[in-house]
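Peer 1: Just need the whole structure built from these sequences, with the hints factored in.
Line order of the protein sequences matches chains L and D.
Sequential numbering of the first sequence, starting at 114, is according to my numbering.
Sequential numbering of the second sequence, starting at 177, is according to my numbering.
Honestly, I wouldn't trust all of these hints.
Said to hold, decoys possible - Just a few of them, taken from the derived set where beta-carbon distance is under 8 Å, the chain D residues facing chain L:
hint : residue
1    : 263
2    : 290
3    : 292
4    : 363
5    : 379
6    : 454
7    : 507
8    : 668
If you are wondering where the hints come from, they were derived from the structure by calculation, not from laboratory data.
Virtual Cβ for every residue (Gly too), placed ideally from N, Cα, C.
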Amino acid sequence: MSADQDTETKNERRSATRQGFRLIGKYIRMHPGPFTIAVAGSSVYALMTVLSAVVLGRVTDKVLTPAFNGGVSAGTAWAGAIAIMAVAVIRAGGIVTRRYFAGMTWARVCATLRIRIVDRYQELPLAYHRSHPTGELMAHSEADVMGATDMLHPLPYSCAVVMLIVFALVALILTDPFMAIIGIALLPGLTILNRIYMRRVEDPARRAQERIGDVSAVAHESIDGALVVKTLGREHSEVERMSERASRLRDERIRMGWLRAAFEPAFEAIPNLGIVILVGVGAWRVSTGAISEGTLVQFISLFLLLAFPMRLIGFLLSDMPRAVVSWDRLQEVFDEPVALAAPSKEQDLPAGALGVSARDVTFTYPDAGTPVLDGLTFEVRPNESVAVVGPTGSGKSTLVTLLDRLMDPDSGALLLGGVDLRDVAADSLRRDVAVVFQESFLFASTIRENIALGLDVSDAEIRDATRLARAHDFVMSLPSGYDTVLGERGVTLSGGQRQRIAIARALVRKPRLMIMDDATSAVDPTVEAAILDGLREELATTLVIVAYRVSTIALADRVLYLDGGRIVAEGTHQELLSHPDYEAMVRAYERGAA
Amino acid sequence: MSRPERQQDQGSPGRTGRGRRWTLLRVVGKQEPESRREDVVPPAGYDGQVPDSLETPPEPAAAHEPKGAIAVLRRGVRESPELRAGFGYTLALALVVAAARVLLPIMIQQVIDRGINGPNGFDATFVIAMTVAVGILTIVLYFAARGAYRRLVRASETALFGLRVKTFEHIHELSIGAQNAEKRGAFVARVTADVDILGQFMEWGAVSWFTSPAVMVGAAIGMLFYSWQLTLIALFFVAPLLLVLRVLQRGMLAAYDRVRSRVGDMLTEFSESLMGAAVVRSYGMEERTNARVKDSIHRRYRAELYGNRYQATIFTVADLFGAMSMAAVVVVGALFGVRWGLSLGDLVAFLFLITVFINPLSELSETFDFTQQAIAGWRKVLGVLDLPVDVVEPAPGIPLPTGALEVRAEGLEFGYQDGSGLVLRGIDVEIPAGAHIAVVGETGCGKTTFAKLLCRMADPTCGRIVVDGIDLRQVAPPSRRTAIRMVPQDGFLFDTTIRDNVKYGREGATDQDVISSFRSLGLDDWVASIPDGLDTAVGERGESLSVGERQLVALARAQMASPGLLILDEATSAVDPETERMVGEALERLSAGRTTVTIAHRLSTAEAADSVLVFDRGRIVERGTHDELLRKGGTYARLYRSWLGNTRADLEEERAG
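Peer 2: See the structure below:
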């Protein structure tokens, strides 16, 4: 490594440390109460630790030495014992306080951060959710929160260590400056050694982690593709591949193990050597009468007490870079702009079925170069049913999302019953517009709750909706009917059944604009036709259907053919068949469906 | 006095001092990403698909009774003999650690009694000799510990490597029936997370099971050596500690079980709110959902706080009992020491030894939970190795001829061993050489299982499959693999180039073979159209390519083997029209002159087939040509009508009109 790089990493480390401390400040401000108590507990612990060594020294001088030189009274012996116990009890109190409140600080900070994240996710536009995989969003709430707050665990203890060292040094210097010098000279060695170890082990540890990733990748790929592996008879080469990666992992871990083998016993041996020297020098000091035997015992005891904390002192610092990285990721979420403005006028929608018009609507996803919708303009009359058709990526689903104002267009406007969507009162919008999404997402709860979704509806209304969605019969055939719980520990429904529940969910709201985003793909075509017919008869609603199946498309009054983010043709299905692209696409649908 | 704080914040000696925190994190569910993935079960709305329930295999673990820790250990060592060497090194390490820890108190005693308070007062020679001797001994012990630890690491890593590869190999030896999709995630975890946690355990947790007792025994011997009376007194105060630790330990495990399940609940709520974000917003459920997620966060917090009570106390009690024991020894030692013939040095050494004795206890109580997890992981890994290999290959077996193959299924039955009933029953089929057969039926009717039996991914429970007059079980594996080729619908590819993926189709294939394979399927234009051509990297599972492109590569791969029997599992997902056309043409060329069995999802395929087999609930309910079946007006006719209504009614009408 060149000198330049070296300073660079040093600077990085320093700035990470600075940021780390700033982060700690932030956390403490979130929950100052428990943190203060934890630090108070730490100080009690530090003080009592030093005191316990002093007490042991005093007990040696006042109780034990006299006991072997002519005897000691029972009272004195008991006094010594009580002193030991008293210090131990107070010390234990300090430790328990520190640990409990340190744990509480950590847990509270985590909870606070998670709640901020939840609120944040709620505020952010749907476009944000669409452009980030669920796994990543989940990781913010779990792994990143953990990573960012990990260093809170050693924090109160680190404070205690600092105090401990100060107290101990004072005690050492006060009792015997000469011996104190030996201690002061030896103890920092442990800190330095530990830093060296941490740095040396960093690279192999990272590499081992990568190797674990390699092994895991092969395992996933090979076991997922077991069928192909078997058909091709490639078991042996797969085993070889695994063996090769696993052996590299083994080698890396052995390398780590060897480092540990060199350092770990050293952390035990070095303080021991220090004590050996202390005992040697101390014996001479005792013989010259400079110190008592009790003082020697006290020194040894203090030395033993300090050895481990000296080693630990670097941990907080070494945790910081990771915490800072995790925090930065959280900060990104917190900094994400909130795009949806609250409606400025809070207008209600006009009565009856709602017409839709799009005027030069443009929308681009964040981080995407090209717009998904590019000058989209169309008109849907009240009570009309319109099919939106177009190749993959033509912007159909985005349009659905904009129509329900889950996102706002970058430019242009969408009007519902003549009112700009941005001016519609949120309640009105949620009540009167219902979307059935491509993926019929069901919650792990009962069918009834999945349909009502918090809306106050009667059982009769739910039944009406499920009848219309052709879901009532199969719901009744389930073990607990409408109270059947769905989800991993409950009943699993087929794709078509799920879609019908999702449709019922929309219907129970008696929407005046209903949008179906390929919401019947798994429903039998005859059932689908029945649903759509029933819907048009019994509901005064405008219907916008994103469709892939010819049978669905044919059910609509009119077809909007979307391509490249704009309408390229519109008319009835028959009319559009003269459009060569449209015909080719519909043919492809025909071949693809079954 | 001592260093009780050592255990409190460090944990076992081998863990770079981060033991406690590390344990805490592990306990609350922050594990390997692998195992976390398993824990986070997606909520109800996650996928749009229903698992093919009839083809779900049994839990293989069901056949194996849970074994005790000792049994697992014994079985584990039998499976990995390298561990035997590891035991030896661990034992050596334990002795060295114990020796090093007991050494100092003894030295202190010697120096006090013979160096300072010797018969002639201060004895400088003795003190110097003692200092040098113990100093050298400490250094020697350091090197001994280092050596033992190194060898231990090597032994355990070698053992784990062997175990991992062996398990992986065994998983591949299992029939496809045993390694069904739902089992796969678990299998992956066996060779990754489970083995990894075992490795951590062997180098950390397992070591303290050896060192801790060794240190305790060493300290006890030292104590006994000075005074058996004081030893009894010291132990009298330590004994209740064992009980208290056990109780706290149990409470802590229960508390963290609860934390784990609260973490799971919280993640479920989180993922539900995220995956259902569109529904939540569209239906105005934001506040309700938000409240639920927050509630789950608070409940997790409360569970963590509750568990924290144990964390706070468990490592403190040892400290208190140690102090109690010391106080008692001070009183008794001061009052009766002289009478029992003790010296000042003896008593001081004794006090230090008490600490040496007590420290390992809290170390062990921390290791306990870790040990349980490691043993559980080990049990699971061994459970995989215990699964019997159900498809036993013949050696050498009879080779199949080249050219189109004639296939016969006789009285075929298939069921999984869990008693869930038969997936296939009474299947009798005769497929003449060169015939094109379509298999149709609803999801879960057994058609996929039938296809898997045809290429011996599993053996039938009853009956047999005869290919060209030879029982499939007697066919030589290499010959079977080239002569019978299954092309799965998902077009799974390996993470390498297109060229290599196609080469995998036949052993010893050359680049030229790859090119001619594509050419013979009419795909050379397609290959030429991709920027990197055959050298295009396909990514994990082939996911850098589109579904259709993956299918093309899979077809070229099948073409390499020029199989006599092709089993095609048709794709369900739609592909863009152009690729669709290429796939169609390539398929036609691939199946020309070969016996093909196609699991048809599109009835246009069935229409074109020589004969159609209609499966329903594990049986063949109808068979015949498309026209015959249509006239019959049964299951097939119903399926066909539904499909027809689905796709082309209108187009036909248009054309007619």
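Peer 1: Give a verdict on every hint.
Peer 2: These are the hints, each one checked on the structure:
no. : hint : verdict
1   : 263  : 16 Å, violated
2   : 290  : 10 Å, violated
3   : 292  : 5 Å, holds
4   : 363  : 5 Å, holds
5   : 379  : 6 Å, holds
6   : 454  : 5 Å, holds
7   : 507  : 5 Å, holds
8   : 668  : 4 Å, holds
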